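Visitor: First to last, the sequence lines map onto chains A and B. The opening residue of the first sequence carries number 1 in the working numbering; numbering runs sequentially from there. The opening residue of the second sequence carries number 1 in the working numbering; numbering runs sequentially from there.
In case anyone wonders, no lab produced these hints; they're calculated from the structure. The model shown is predicted, which means the values in this text are computed figures rather than measured ones. Treat the hints with care, as some may be off.
Partner residues aside, some chain A positions facing chain B, computed with beta carbon under 8 Å [to be verified]:
(1) Phe184
(2) Ser186
(3) Ile187
(4) Val196
(5) Gln334
(6) Trp338
(7) Gly345
Even glycine gets a Cβ: it sits at the ideal position worked out from N, Cα and C.
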Amino acid sequence: MISELFGWLFARLPFGDGLRGLVSPRTVRSLKRGLNRNALAKVGIVVVVIVLLVAVFAPLVAPDKPGTQNLEEARLPPLGFTKATVQEVPVQENGSVVFEDGEILTENRTVYENATIAHPLGTDGNGRDILSRLIYGARVSLLVGFLGTALAMFVGVSVGLVAGYYRGKVDDVLMRSADVMLAFPSIVLAIALIGVLGDSLEQSIPDPFVQSGLSEAVRSAIGLPTGMPETTTLPGTIIVVVALVNWVWFARVARGEALSLREQSYVKAARALGASDAKILARHVLPNAITPILVLGTIQIAAIILLESALSFLGFSSANVSWGFDIALGRQYQSTAWWIAAMPGLAIVITVVGLNLVGDWLRDALDPGIEGEGGV
Amino acid sequence: MSFARFLTKRLLQGAFVVWGVVTIVFGLRVIAPGDPANVLLPPDVDPEVRRQVVADLGLDEPLHVQYWEFISGIPVGDLGTSLTTGTEVTARVARSIPATLELAVAATVVAVIIAIPLGVVSATNRHEAPDYGATLFSLAGISTPNFWLGVMLIIILSVQLNWFPTSQRAIGLPAVLTFLFSGELEAAGAGFVTWLWYITLPAITLGTYFTALITRLTRSGMLDELGKTYVRASRAKGLPESLVRYRHVLRNTLIPIITVVGLQLGTLIGGAVITEFVFDWPGLGQVLINSINSRDWPMVQGSLIVISVGFVVVNIVVDTLYSYVNPRVGFDG
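Required output: the full structure, derived from the provided sequences and hints.
Guide: What follows is the structure in structure tokens.
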């Protein structure tokens, strides 16, 4: 059934008619063949689609508001677990406390707290619902992952194509500066750039589901708490920084492609016919270089999500709902409530595994001859 | 190309990259908002005092003079003084190098010891349980953020089971070696055990991504090699399978892995920054993060330069080694 579903998708969505100009029929065939051979790729696609849907429709699917504190319900365990804490409680006799030597007599008693269905993954140190925070955290991670990759791709591909197409001095200057960028470990360069940029580029973007009143209507109809946040943080600094750190990989791949494509006869023919360099790059070089660039893009989304989570774990992001940030919060409760740090990490692992599976599939099926780069 | 020419070329390239790194690091401070003097002074300070402090820091000079002073101090090891503590940056950074180096080397050792056998087992048992296990492990390993792994190891192995300390570095390897060379063998032994006890979790945390990566590379490299004709030829002439696998195939597999390991050392150093933060490990990463947070620019610059220059040096060494062990590449690269 699943494979029928994929067949249906293939016939319609991007790989079918929609982008026929961009992806050749041969590419589509090898993608399909790769998918049939590789069950894990299907798992990856399903995971990525689910995470995407959850992130987009966060205000509709989150069981609770991500920011609402409720200290009465702090540190509730996830479903299936019970939290046992030893508490010092006053000894009571006939409904009143007992005094001994002028002090209230106390005893140690083990108190059990059970999970509640309202908080399936438990609550954090301030009583906020962990599942809801993960759902909203997915937005931040995916926004940074996709926008950061898009920006890095734009910068890197522009630089790489120009360098590879013109060669000579332009190439030398651009590629030597790429070498210098690569001398910084990515997280180190990112930290330094954040030190320079501060949080000057942070934005709040309105949430269309909340603004239009749709999510409130749906939520109150099915009895979920209303009053979801009206805006989502767009961590502009982080997006710019991860792009500045990771454009180099795209530049290298695009340059390599341009170097070989410029010698192709159709490019030479276009040049002989008097086409401008800009037109040759856009019409002849870029479309033929797109496969390895897109494969690298998939791998880079995973790498950038990992980088974003590391930066917000270290406290360098201003997003106050984020997987990395929540792990940092959970560290304070490492001896009393393990799930606060554990759950956001699982969300990262699941998402990144999904993206890596999709990336492996694309790479194996299309064999663009690039190595996966990235990681924190 | 002769070895001497190869090395000269690589060193010149390296020198250029180092110059680029130093220039970027200088530029970062220049374009960073906020006056470094603000770190030292209260907001309502007398303008005359403020001018004096700015002059003492050399910040009233034209940019090219500042740049020259900055860059000319580096060859003689002068990276300025910290704005917050007044200590010399060079001394502070030098003091943190052993901790980072120990961590990086320990993680690499962990990775190589686990990954290569795992990759070999995986490739030689293709499509069987060990292969699936190893593939799953390496997929999880490259997808797990190391800071989270560190936090989970602390929660499970330190807090719950109490097997390892939760953080810090009680003793450094240099101290252990000092004991050893001064003949205090008992102290050296005890010190080494303590060192090992403290470094285990950070090394696993830092090494896991690397382990997963090398496992993947070993597996795919070995599968590639196993499909080549020389393997069929050696089997056909009756060489024992173990000889074919380990003498011929594994050797040829390992050579390209050296390059990737070298290229990924940057990732390893970057990972060390985060691992140090998680385990309160007193290395370069700690210096970098603390000084960024306190806007202590001379310290930021010093740690950035040492980290990147270290990376450049490692890359040159790896390149040279690679050409040395692989006669097919030679020194033309």
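Visitor: Of all the hints numbered above, which does this structure not satisfy? Sort the numbers upward.
Guide: Of the numbered hints, all hold.
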